[in-house]
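Could you build the full structure based on these sequences and the hints that come with them?
The chain contents come next:
There are 2 protein chains.
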Amino acid sequence: MTATRSEGPLAGITVVTMEQAISAPLATRHLADLGARVIKVENPGYGDSTRHYDSVVKGTSAHFTWLNYGKESAALNLKDPADVEILVAMLGRADVLVSNMAPGALDRLGLGIDSLAERFPRLIIADVSGYGKGGPADHKRAYDLLIQAETGSCAITGTEGAPAKPGIPIADIGTAVYVYSTVLAALYDRDRTGAGAVIEVSMLDVVSEFMGFALNQVIHTGVEPIPVGMGSPMIAPYGAYPTSDGQTAVLGTTSDREWQRLCEMIDRPDLAANETYAHNDDRVVHRAELDEAVAAWTREHTLDEIAAAGDAAGIGNARFNTVGDLAKHPQLSERGRWRTIGTPGGEVPALLPPAAARSWPRLSGSVPALGEHTDAVRGEFSQAAASATTSGEEA
Amino acid sequence: MTATRSEGPLAGITVVTMEQAISAPLATRHLADLGARVIKVENPGYGDSTRHYDSVVKGTSAHFTWLNYGKESAALNLKDPADVEILVAMLGRADVLVSNMAPGALDRLGLGIDSLAERFPRLIIADVSGYGKGGPADHKRAYDLLIQAETGSCAITGTEGAPAKPGIPIADIGTAVYVYSTVLAALYDRDRTGAGAVIEVSMLDVVSEFMGFALNQVIHTGVEPIPVGMGSPMIAPYGAYPTSDGQTAVLGTTSDREWQRLCEMIDRPDLAANETYAHNDDRVVHRAELDEAVAAWTREHTLDEIAAAGDAAGIGNARFNTVGDLAKHPQLSERGRWRTIGTPGGEVPALLPPAAARSWPRLSGSVPALGEHTDAVRGEFSQAAASATTSGEEA
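The listed protein sequences derive, respectively, from chains A and B. Note that UniProt numbering has the first sequence beginning at 1, numbered continuously upward. Note that UniProt numbering has the second sequence beginning at 1, numbered continuously upward.
Among these hints, one or two may not hold up.
Said to hold, decoys possible - Taking lysine-lysine and the DSBU-like style, the derived pairs with C-alpha atoms no more than 35 angstroms apart in a straight line are:
1. A:K133 with A:K79
2. A:K328 with B:K133
3. A:K133 with B:K58
4. B:K328 with A:K133
5. A:K58 with A:K328
6. A:K58 with B:K133
7. A:K79 with A:K58
8. B:K133 with B:K79
9. B:K58 with B:K328
10. B:K58 with B:K79
Worth flagging that the hints you see were computed from the coordinates, not collected in a lab.
Okay, here's the thing in structure tokens:
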């Protein structure tokens, strides 16, 4: 075991972010998780729109709390040239700029990406859009649901005739992790080349990547996958089944060998011996009757009995949990995954980030009130802004 | 615009990966996308299990094609000590080891993570598990569906009483991007510290991160979100509506101001004026009747008319697409997002990776046949393996 250090791997890196909602805020929160200083530029009075979704976390919204601890909030009025100068001074000292503002918003500030890249050649600029530049849709608004609908993510979720949007905002979150990872790659690259980077990530491209398996299937077979609720279109039996103690077990088989073991587990050697069900392709055709055979057994057993039998037989199994069940999940609590973060209303629990090296510190931080760090940021960068204006040079 | 280089940012980096399925293969494919050399160690005769899912892509499976181009395949028999020595020699020269083997598999090879980290202090080791180390579930099998069920991802997807698994394998894909991003952070960190890293990522922790907004809601209000199909539990009206030309439009409102504009668009000024629907909280309560009001209008218009009206009114809108629609999406084709990759059966189309800096090359590559590079890899590393055995030192 390596000793834990006090500084994260991004100590000394400054990130300026003009962001709201999820895709940029999750990316910059993860940069903060690694020790970067993240200055979130918000408009005075309103700020990030997710601040206003609700106020359930001691006065702060559920979304905003999730995505914004460990950041500074600087409320700048970007209609005021003096505040734009402060922003430019910040960019002159920053390593990374992240933006998911509406298309053209940076240009209207006189801060178009091309001119920023020219002016600050070591700056890493990451810009998020819905549909990318060019093409017939580049002007269209993009929210998570809209992109999931456009990319077929909803068409492969739910049941036939009743498609559904995945509850996790895959388009937003996926975009966030690609912004995050590409910024990390650009920091590594800058050490070698001395050059910053312009990174443009579109939500459409991100979810299209995640659809890669389904795209290959449809391009090469012409057959659309039909969503089957809790199951998988490609394997059977597999899904959610009721238990004798009123819970829901999730289990199934991923291979013909597992199918034999599953039949033994549910006391149906006749099914194991029946050639009709020997191969996955055949079982997919007979999905309904096999689901019923599994359910007939699970209805006679408690969840604990089913889990023990599945583990013994080498059959993957899980519990269908609600969000409240996840909050109490022993696998999170017993592994010490919860810690405390600050919010304007007081301390609240939050999960540790999902990935880090053993030796890196698990940094904490607070959710900033709107403009909490405006004065400090102004003080820090106003002299640089003034001298840049006077001398005509950059800070 | 910056000129495109010929080498990716990870040129010179060698990744050895003991992987199958999605979570590790997508991570290492993205490392290859950035120019790393990726050597995929597979067992002879069978290899990565996703090779056998189907053979729709000119003889290769849809999943395997999606996740494995640009890699070398070295088929090594890790029950043979001579092949383990080859593997160790590879690790002696590698920068990164990725593994999503079953718990304990590396230990059984005499290659436990702790001993590898001690022996190769500059090596970055990333290991994937289902539930992490410790806790009551650390022995349990983990597949995408099982983890999505355990984390509540399915409970917030589908409809009340009919939950669904998101079709995109969020647990697998999310884990992949955290492996990928944390390896990039560790490469950056190694330049400063000289030290490698041990990175352990669990699928449970990844999806729990993605549930952060829902966790905060439930922890602080005790109220479980109820999934509403194509809609969002938090806003209304929002969802999928039929059009006069037999398509499905997706649209809705995210704010009270947009609600006013939406009412104007659907020729219902009476709704805009009605205080009952003035605020989102109220509209959520009256979701069903507002959905019907929107649908009454969409049924009288074509998708193109709806898109034009929505764009003009500043109302986000999209088309509900199938996977086949995505394959033909003009926003992908007109932006040049498709290119050609090699497979053992011939060239096939593939999407460019979702994120890169402008100046980085868009590398291509081929999907390797099982063991296609075994002889070359053996030749390259066997001398190092032999000298390590003779001298008792590492290669």
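For each hint, the structure was consulted:
1. A:K133 with A:K79: holds (26 angstroms)
2. A:K328 with B:K133: holds (18 angstroms)
3. A:K133 with B:K58: holds (33 angstroms)
4. B:K328 with A:K133: This hinted pair holds, its Cα atoms lying about 18 angstroms apart.
5. A:K58 with A:K328: Roughly 20 angstroms between the alpha carbons, so the hint for K58 of chain A and K328 of chain A holds.
6. A:K58 with B:K133: Satisfied, since the Cα-Cα distance of roughly 33 angstroms is no more than 35 angstroms.
7. A:K79 with A:K58: holds (32 angstroms)
8. B:K133 with B:K79: Roughly 26 angstroms between the alpha carbons, so the hint for K133 of chain B and K79 of chain B holds.
9. B:K58 with B:K328: Status holds; Cα separation ~20 angstroms.
10. B:K58 with B:K79: holds (32 angstroms)
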